Every structure is written in C-alpha cells, then in structure tokens.
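Just so you know, the sequences run in chain order A and B. Our numbering puts the first residue of the first sequence at 135, with every later residue one more than the last. Our numbering puts the first residue of the second sequence at 135, with every later residue one more than the last.
These aren't lab readings, by the way, just hints derived from the structure by calculation. None of these values were measured; they are calculated from a predicted model. For every residue, glycine included, the Cβ atom is placed at its ideal position computed from N, Cα and C. Heads up, a few of these hints could be off.
If we take Cβ atoms under 10 Å as the criterion, some of the chain B residues that face chain A in the derived model are [to be verified]: (1) D248; (2) G469; (3) R472; (4) V488; (5) E505; (6) L529; (7) K608; (8) D610; (9) F630; (10) M686.
Number of protein chains: 2
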Amino acid sequence: MSVTNALSIFALGGVYEIGKNMYVIQYDDDIVVIDCGSKFPDESYLGIDLIIPDITYLLENREKVRGLIITHGHEDHIGGIPYFLKQLNIPLYGTRLTLGLVAEKLKEHHLLHDSELNTIHSDSEITLGSLQISFFQTNHSIPDCLGVVFDTPEGTVVHTGDFKFDLTPVNNQSPDLYKMAAIGQKGVLVLLSESTNAERSGFTPSEIHVGEHLKEAFTKAKQRVFVSTFASNVYRLQQVIDAAYLTNRKLVLLGRSMVNVVRIASEQGYLYIPEGMLIEAEEANQLDPSQVAVLCTGSQGEPNAALARLSTSGYRHIKVRPGDTVILSATPIPGNERNVTRIVDNLFILGAKVIYGSGTGMHVSGHGSQEELKLMLTLMKPTYFIPIHGEYRMLQQHRILAESLGIETENIFIINNGDVVDFHNHEAWQERKVPAGSTLVDGLGIGDVGTVILRDRKHLSEDGILVVVVTRSKTDGKILSGPDLISRGFVFAPEFEGLLEEATRIAAQTLATLSEENVQQWNRLKQGIRESIGQYLYTNTKRRPMILPIIMEV
Amino acid sequence: MSVTNALSIFALGGVYEIGKNMYVIQYDDDIVVIDCGSKFPDESYLGIDLIIPDITYLLENREKVRGLIITHGHEDHIGGIPYFLKQLNIPLYGTRLTLGLVAEKLKEHHLLHDSELNTIHSDSEITLGSLQISFFQTNHSIPDCLGVVFDTPEGTVVHTGDFKFDLTPVNNQSPDLYKMAAIGQKGVLVLLSESTNAERSGFTPSEIHVGEHLKEAFTKAKQRVFVSTFASNVYRLQQVIDAAYLTNRKLVLLGRSMVNVVRIASEQGYLYIPEGMLIEAEEANQLDPSQVAVLCTGSQGEPNAALARLSTSGYRHIKVRPGDTVILSATPIPGNERNVTRIVDNLFILGAKVIYGSGTGMHVSGHGSQEELKLMLTLMKPTYFIPIHGEYRMLQQHRILAESLGIETENIFIINNGDVVDFHNHEAWQERKVPAGSTLVDGLGIGDVGTVILRDRKHLSEDGILVVVVTRSKTDGKILSGPDLISRGFVFAPEFEGLLEEATRIAAQTLATLSEENVQQWNRLKQGIRESIGQYLYTNTKRRPMILPIIMEV
Numbered sequence: 135m136s137v138t139n140a141l142s143i144f145a146l147g148g149v150y151e152i153g154k155n156m157y158v159i160q161y162d163d164d165i166v167v168i169d170c171g172s173k174f175p176d177e178s179y180l181g182i183d184l185i186i187p188d189i190t191y192l193l194e195n196r197e198k199v200r201g202l203i204i205t206h207g208h209e210d211h212i213g214g215i216p217y218f219l220k221q222l223n224i225p226l227y228g229t230r231l232t233l234g235l236v237a238e239k240l241k242e243h244h245l246l247h248d249s250e251l252n253t254i255h256s257d258s259e260i261t262l263g264s265l266q267i268s269f270f271q272t273n274h275s276i277p278d279c280l281g282v283v284f285d286t287p288e289g290t291v292v293h294t295g296d297f298k299f300d301l302t303p304v305n306n307q308s309p310d311l312y313k314m315a316a317i318g319q320k321g322v323l324v325l326l327s328e329s330t331n332a333e334r335s336g337f338t339p340s341e342i343h344v345g346e347h348l349k350e351a352f353t354k355a356k357q358r359v360f361v362s363t364f365a366s367n368v369y370r371l372q373q374v375i376d377a378a379y380l381t382n383r384k385l386v387l388l389g390r391s392m393v394n395v396v397r398i399a400s401e402q403g404y405l406y407i408p409e410g411m412l413i414e415a416e417e418a419n420q421l422d423p424s425q426v427a428v429l430c431t432g433s434q435g436e437p438n439a440a441l442a443r444l445s446t447s448g449y450r451h452i453k454v455r456p457g458d459t460v461i462l463s464a465t466p467i468p469g470n471e472r473n474v475t476r477i478v479d480n481l482f483i484l485g486a487k488v489i490y491g492s493g494t495g496m497h498v499s500g501h502g503s504q505e506e507l508k509l510m511l512t513l514m515k516p517t518y519f520i521p522i523h524g525e526y527r528m529l530q531q532h533r534i535l536a537e538s539l540g541i542e543t544e545n546i547f548i549i550n551n552g553d554v555v556d557f558h559n560h561e562a563w564q565e566r567k568v569p570a571g572s573t574l575v576d577g578l579g580i581g582d583v584g585t586v587i588l589r590d591r592k593h594l595s596e597d598g599i600l601v602v603v604v605t606r607s608k609t610d611g612k613i614l615s616g617p618d619l620i621s622r623g624f625v626f627a628p629e630f631e632g633l634l635e636e637a638t639r640i641a642a643q644t645l646a647t648l649s650e651e652n653v654q655q656w657n658r659l660k661q662g663i664r665e666s667i668g669q670y671l672y673t674n675t676k677r678r679p680m681i682l683p684i685i686m687e688v
Numbered sequence: 135m136s137v138t139n140a141l142s143i144f145a146l147g148g149v150y151e152i153g154k155n156m157y158v159i160q161y162d163d164d165i166v167v168i169d170c171g172s173k174f175p176d177e178s179y180l181g182i183d184l185i186i187p188d189i190t191y192l193l194e195n196r197e198k199v200r201g202l203i204i205t206h207g208h209e210d211h212i213g214g215i216p217y218f219l220k221q222l223n224i225p226l227y228g229t230r231l232t233l234g235l236v237a238e239k240l241k242e243h244h245l246l247h248d249s250e251l252n253t254i255h256s257d258s259e260i261t262l263g264s265l266q267i268s269f270f271q272t273n274h275s276i277p278d279c280l281g282v283v284f285d286t287p288e289g290t291v292v293h294t295g296d297f298k299f300d301l302t303p304v305n306n307q308s309p310d311l312y313k314m315a316a317i318g319q320k321g322v323l324v325l326l327s328e329s330t331n332a333e334r335s336g337f338t339p340s341e342i343h344v345g346e347h348l349k350e351a352f353t354k355a356k357q358r359v360f361v362s363t364f365a366s367n368v369y370r371l372q373q374v375i376d377a378a379y380l381t382n383r384k385l386v387l388l389g390r391s392m393v394n395v396v397r398i399a400s401e402q403g404y405l406y407i408p409e410g411m412l413i414e415a416e417e418a419n420q421l422d423p424s425q426v427a428v429l430c431t432g433s434q435g436e437p438n439a440a441l442a443r444l445s446t447s448g449y450r451h452i453k454v455r456p457g458d459t460v461i462l463s464a465t466p467i468p469g470n471e472r473n474v475t476r477i478v479d480n481l482f483i484l485g486a487k488v489i490y491g492s493g494t495g496m497h498v499s500g501h502g503s504q505e506e507l508k509l510m511l512t513l514m515k516p517t518y519f520i521p522i523h524g525e526y527r528m529l530q531q532h533r534i535l536a537e538s539l540g541i542e543t544e545n546i547f548i549i550n551n552g553d554v555v556d557f558h559n560h561e562a563w564q565e566r567k568v569p570a571g572s573t574l575v576d577g578l579g580i581g582d583v584g585t586v587i588l589r590d591r592k593h594l595s596e597d598g599i600l601v602v603v604v605t606r607s608k609t610d611g612k613i614l615s616g617p618d619l620i621s622r623g624f625v626f627a628p629e630f631e632g633l634l635e636e637a638t639r640i641a642a643q644t645l646a647t648l649s650e651e652n653v654q655q656w657n658r659l660k661q662g663i664r665e666s667i668g669q670y671l672y673t674n675t676k677r678r679p680m681i682l683p684i685i686m687e688v
C-alpha cells in the first residue's frame, strides 16, 4: 500500500548480510540512495568475482532517483558503484577521500569522464528533490566518514554510516558528539544504525593502542619488519609509518591497493609520510635489515595479495628471511581463517617471528561495540529504529540493545533486503516489499550467471563431466560413428580401467534399444543414455558426473 | 642411510597438518603403526570425500608391519582404518570403546569379519616383533584414551596420544600421573607429544565447568533445549544427560553418529542414561516443551548434520520453535566458522534463544594448553623431542616450550610427513625420507583422483565447459555436420546472445583454414579451435571455460 506524501525506507543490500550495503530513502517522488557496496562471494558461488545489489527497483523508478550519497570509502559501501552508474548515471556525493577512492574505481571502468562527483563535508547542506540533507562527522577505520541526516516532512531520518566512538583518534577526526546531541535533541523519527559488533560487549578499544604495540614491536625487531593490514585503514598506515620513523626504518609498499591508497591519502593530506622514507623493494636489499619495514596488503589471507605471495617467496626482489618480524595487523573476518593460518604457517617455515591472533593488540575493530551502539541510540533517541549493516543475529542483538534503552519492541524493524518500512503521521509499518537480491558479476557478465549456471558448475566441480557423442544417419537413424565417451574431471585410470569401455557398451545398447522404439525423439534418447550410464557409473564409482549426450546427424 | 639394529620414527600423517594422524615406530625389521586417521578436505579438493595417509612405505614393507595401535576413537585417528585394512590386513590394538567405534566403521565397509581386533587397557603389555609395548591412561574429550610406551633396545619411546590434564574429570578417567612419572624416571629416549593447543597459554579448563553451565541453561530454559556437540565427547553427552535429568526432561537423539555413539558407549558402560529417558522425536511433540531436550550432531556447521537441518526446519517430526533454547556446545574449528554463523542466523530467525561463541562456557577443549604440554615434557623428561599432531606453527610453538624447559634445540625435530628420525647409540639425526602424502577418496575410488582431475574440476567450477562437436568425412575430411557448440556452466543468454553463434562461426573458420593445411592432425585441429574460440570468448566475457573439441569421423 503506497501512500502519497509518505516516507519509505528500505535496504537493497546490507541487511541479513555483511556487505553490499545500499539503503534507500524515498519521500514521494524523490529517491536518495545511501551507499552502493559489493560483497565477496563465498566458495559456493563458483567462478563468481563479485556480488552487487539488485537495483531493479531503482531502474523501474529511474526518473525519481536524485543522487547517491556515499558515507565512506570501504568496498562494502563503494564496490558496486561502477556497475550502478553503468545502468543509472546519477550524481554522487561524498567526502574528499571517499570520492578519491571512488574515482580510482571509475577510472578502471572507464566511467570517470561521464560521472558527476560532488565533494561534501560534515558541514555541507544539500537539497535533493524535496529532501534537505545534512551530515555529521563520525569515526571509523578509514578517514572522512559521515553520518547522514534527512529532513523530511514526516520527520528526521538519521543514517549513521559505519562508526565507533574512538575518543583518542589518531588524526583527530573525532566523532562529533555535539552535533549528534543537537540532532537527537531536535527529534529523530527513525534511526538506521550499523550492527557489525552488536554481539560484542563493552567498548571497542581506541586505535591509539595499536600504535603503541606497533612501536614496541618495531623497537624489539632486530631485522626487517613486515606489517600487513587493510590498505583503507589510513590511521593504521600512519601508525606504521610513525613506528618505522621512530626506529629509523625506510618503508616499502607492497600490493596495488596499498600503493593506491597511500598515494591518494597523502595527496589529500590524510597521511603524512616523512620525505625520503618510501623506497622500492629493490632498494631495501641494499640496507641493513634493521633499517627496513614493509607495509603490505593481504591481511585477510587473500591468495593473490602481497602477504600470501611473501609467504611463498613470490616476490623476486623482497623475501621474508629468518629473523624477520611479520605482524598481522588485522583479525580474520569469518571465512578467512584457514587462508590466514596457512600463510602464518608458511611464514613460520620461512623462519619469521610472526605476530598474529587476537591477543596481540595489533588490531582493533573499526566498529562500535555494545556500549557505543547504546551511546548512539541514546544521543539520537529515535522514535523508530531500524538496525542495519549486519547478519540476522547482529540485527537481533542490536534490537535487544535498543529495547534495553526503552525503545518499544513494535517500533523496531528488523528488515531483510527489499522489506519497506513506510512512515506517515508518526506511524510506521512494514508490509510491502520491493524487488531485491543479489546480482552476480563474473568477468564481463553482470547478472547472467544465475541458479542454473551455478548449479551446473557445482555439479561439474564435484564429479566432472562425461560427454557421450554419437553420429547417426539422418535418413535411417543408423549409427555411423560412436558412441564415444570423453570425460573430464571424472575418473583417472587405471583404478577404473574398463569402466569407460563398459559404459560405452551400455550407451550403444541403450541407443539400439530406444532407436527401435522411436527414431526421432532425441530427448528420450538422451535421457535414456543419461539414466543407463549414470546408474552404471554410480554403482561402480559412487560418483555422479554430469552426463552430456550429443547426437550429430548427417 | 639405514643402519641395522636402529630405531626409526616418522609420521605418515598428522604433522604440518591437523588430521589423518599416522605414526610409525620401526626397529630393525619390526614396524608398528600408531593410529590411522582421516582428514576432511577443504573446498579446494573439489568432489573429494576424504583424505587419508599415503601408505606406500608400509605396502613396500608389508612383511615387517606387526600391528596397528589405536590411541583413541576420534576420526583423525581411526578414519583411515578401513582403507588401510583393505590394502594391508594387520592386527588392531585398542581399548574397548575405541574398538567399538572402529568396529562400527569396519562393519560399514564389510571388513569386520576378516579383521583381528585385540582389546587392550592401560595395564596391558604386548609384544609385537621385538618391541615391548605398554600403555598409560590419559584424559581427552573421549573416554578410554591411551599413551603408548615402546621399550626398544635403543631406549624408550613415548607417544602421548591426544591429551589434556583434566584433574576433575567427568567419569573419573584421570590422567595417570604416577605411571607417567615412573616412565619418565626410568628414562625416555624420545617423546612424541601432541601440539594442537601449543599456541594457547595457560591450562585448559576442566570439562566439569561445562556441566555447570549446561545445568544453569537447562534450568533457566522455559521451553525445549537443544544441545549440539561432538558425538564422540561422551563426557559432554553425560553432562547433557545429567542436566536433562536434573530438569525433568526427556531426551531425543538426532544424528546418526550421535545415535551410534550413545548406543556403543552405553552398552560398554561409559555412558549412564536413566531408564526411560530416551524418546523418539515424534513422542517429544506430546510433551510440554519444558520437559524436552534434544542432543544432536552438527556443531561444526556441517551442512548435512542435525543442527543444520533443524535450522532450516528440515525434520518433519521436530522443529525449533520461538522460545526454544539452542546451545552450541563446541567452538568452530578453523574453516567452519561461516557454516556455523549461517546456522546461528537461521536459528535466530526461527525465534530461538541461541547460546554460541567462545565466552559462554559451553565448551572446553580436549587438548592441553601450554602449561599441560610443559607438564607432560617435565614428567617424561625426554632426551629427544618430536612435536606431533599439529600444523607447522603449533609444532614450532611446542618446540619453543620444550626449549624453555631445557631441552637442547638440536635434540628437537620438527618433521614433515615422511621425514625419518633415526636413533642409534643415543644419537639422533634426520636425513632421509620415506614416501608420504595424501591419498584422496572420492566415492569408491581411492587415490585415482589426483592433480589432473582436481585441476579439471577447478577449471570447470569457475567457468564451465564448452563442447565443440564436428562430424567429418573419413575420406576427404569434408565437414558433414557441425561445428555445434554446447555449453554448461558458462554463460546464460540473453546478455550474451550472439556470442555462441559467433563462436560457432569462428570454429568453422578455424576448421576450414587448418583442414586445408593438414587434414589428419587432430591435435592441431583441436588446439586451433581451443585457441581461436578461447581468445574470442575471453575478449567478450573475460571468462575462460574449458573448451572440449570433439571430432567424429564417418
């Protein structure tokens, strides 16, 4: 039920999941989108490169979409932008660093030239359609993050972006408590707040502590120091640079995104690197090991990133040697643990002293824990609450936190992607849905790979394929050549010597039998071959390869 | 260099990895094997069911193999036994519960009838060839565990099996400190000690604490309680039964291995279940929810196990309902985290109160932490030390612990599978290797799936396959039918409409061109098709399906 002059809020990505954040605020005929992220596929998405939000709703309402506001430059907030703009070219609004990172992506996709990028900051005020929008500074594991405030005729909507309350921030980008309090005091109709660490009690430690541990490790290290961390955590990079400077070390950057972020961040003044500190890998070998530090990507165990390559001596010009120190300045995101431990093992084998694991103090989260989430809820004091940016259990825990602060259970909406919360005359309800889901990116194809292709890839990955080719005469259906059986990914003789021969005999038998009954029905012939060979193969191997019968007619 | 009358020790599985434990003690012409486990494949082993140790060395020396001693009944110590016995049928030695679980496996593989199972206990003394073997009781997360002591002419060899030092054990199966001290006092040449928790400081908490937390949760729960845990942890099962009994609940068992272990363990007296307590799932629905408890498998997030099925309402007769309590009495082994969080989310969505995560006290490890590993080293006071049962970094940490107790670095051997440590006249060295590795089990095939098959499956899983079929005349090479292109797992129109048509045209073109040059060389023709089509497809899709050209001749 759609009410004119009503406020509608929903997610196209980012709820019931971590990743591909995309939120929509619609008032009447004005649609504003917040963020457009991507998500990395897990191993069940065979051959898929990236997952982005399904934007069918926005395409169906394209004339109403006024702009895309980007809260900060993390992949799960900007990774989908190139694919979005290809289909719907609308103005972008973001802070300087955020747009710097977005521009880099657009350049890769050859879209920068046609895009409209509008730089904003925490004091900006913009109007998109009938929506008045302002911002407030938050603090996260990347600089230049904003929360967003929508002044609508129905009331004020606040979207927090990602945040923690780091009260001793590394570059003085503090969360703006005064502005948040003012917003809350004026009255907030509905708050959308991120739920990543809603399961964690307490207060997330300040980034400043990591710097102390880094300095200690750099000082104790007798040889080279390698630090692997998220390239986007510019504060962390600053602290590594500071620790290197303190211990008279030159710094090598390894990994494309590390090089890019350092360049963009230092050009824009977010990162201060002493003159002459950065050196190339080849130069590092001329120096005493105690004068060298390396900053690299790959802290999540990504097999193609710098740390993995270092762990298998994959760089010609720089290698981890016995006595070097390697610091993993990150904790593995669920799903990445095995990749990380594999790399840690390899680094140990190379003789490195490896500092890894959650107890080392070498990493703090960029997301607020329970006390900070309660702090945000207390500052904003919303009438309605929609927890976002989290898997179901995180949204659920966030709801429990809100209830503990006195927000009524019926005023809290746990929504899945596509569930619309409508607001009118201070009432809110969630009844209707809009199209939403995942669009899979594989190579150049966006959205063509769906259930059928994935199902086939899964089948092929488990037991391979057996192709059964036969050539028959068009005139009388007589078999002229074959059946020939060719397999890939199925079995490897000699354990199964005779298996394919017997299967060939069965195929021929099946063809002969079915052809007598009915020459023309190809589907019946193919199905018959699949069943007879499939049954035989399963009985003898307990494997079910995909069976692909092909009948050529001449 | 092989010395007669010398002692040799090596692993065929279980070092540089967790899983498929298999250790070999050889004195002269007598070989005794300790354990024969299996390992579950990670996602890179496409289609593989199980990984077992490569026993080439034992097959090449089959006349010397005297017996297989099994330290305890966990899969990573017994999972490979059926496959081993199929190739080399030797006597097995194990405790009552251990052999009970092994017999269950052998029955499934139709091997029980021909196997020789010898029951031993901690006071047994056996002679295998010239090796005198005795045992000592240890404590682990399954009853009836033993350490093994070999009295050899070169000196005493001790193998700890898996252990912790739980000094308040649930069923009074205490670690036998007196016997361990006596063994150490007599003098130990070399100790093989398990390294699973070598990275963890402190002392692993006692199992008894879990029982306290279980009782508390069972008492607080107003409706049904579901507990998911390892079926083999009979102590944990006992504590769940005790908590259910305390709160007047009947108990349902879900999951085949849970039903099996409960049966075997209670038959043998390791598990005490009050009369009439066990009920079927259907009966549970007749009772008040506060009188029902369920004990199920699947605590590692295994997609086909009970917990996963419950989380998706996959059981007809029993469902998780709002207000039910679900306790995950296990912590995810690295690699399993995402499967577990997916299940937790689904249980939350069903409205359950889910108790999960490491801070809940609902699980303690069965492996000793650093202080216990030091305690074992101190009791045994070996001259030489070989850390086993761990990935590289765990073996490395265990070495550091041993060094801190005064064992000389050069007397500690970190070995990979196949590295042999030889002992003679109180000297030890590691120079030679024996064949060792992984044998992959896929359906009925043992060892046939290797690099080629896995590589093909990986290729198929990423971009699918494109079959190119052509029928030619035997006499003049003229094309009679085709080329026809059939794809699976590659692209799905309409985004790529015209792609396969153009690829067909290119295939025909390539055939025509190459045929003119050389009619007969099929490999050249096929390679030409692969290259021309592959290039075209990659340029237009950035995907590289496997291309399988098939030429039929009539």
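Structure-based check of all given hints:
1. D248: Since the shortest Cβ distance to chain A is 22 Å, the answer is violated.
2. G469: At 4 Å from the nearest chain A Cβ, B:G469 passes the 10 Å test, so the hint holds.
3. R472: holds, 4 Å
4. V488: At about 7 Å, which falls below the 10 Å cut-off, the nearest Cβ of chain A leaves the hint on B:V488 intact, so it holds.
5. E505: Since the shortest Cβ distance to chain A is 16 Å, the answer is violated.
6. L529: Holds: closest Cβ of chain A sits about 9 Å from B:L529, inside 10 Å.
7. K608: holds, 9 Å
8. D610: Interface hint status for B:D610: violated (14 Å vs cutoff 10 Å).
9. F630: holds, 6 Å
10. M686: holds, 5 Å
Comparing the model with each earlier hint shows violations of hints 1, 5, 8; every other hint is respected.
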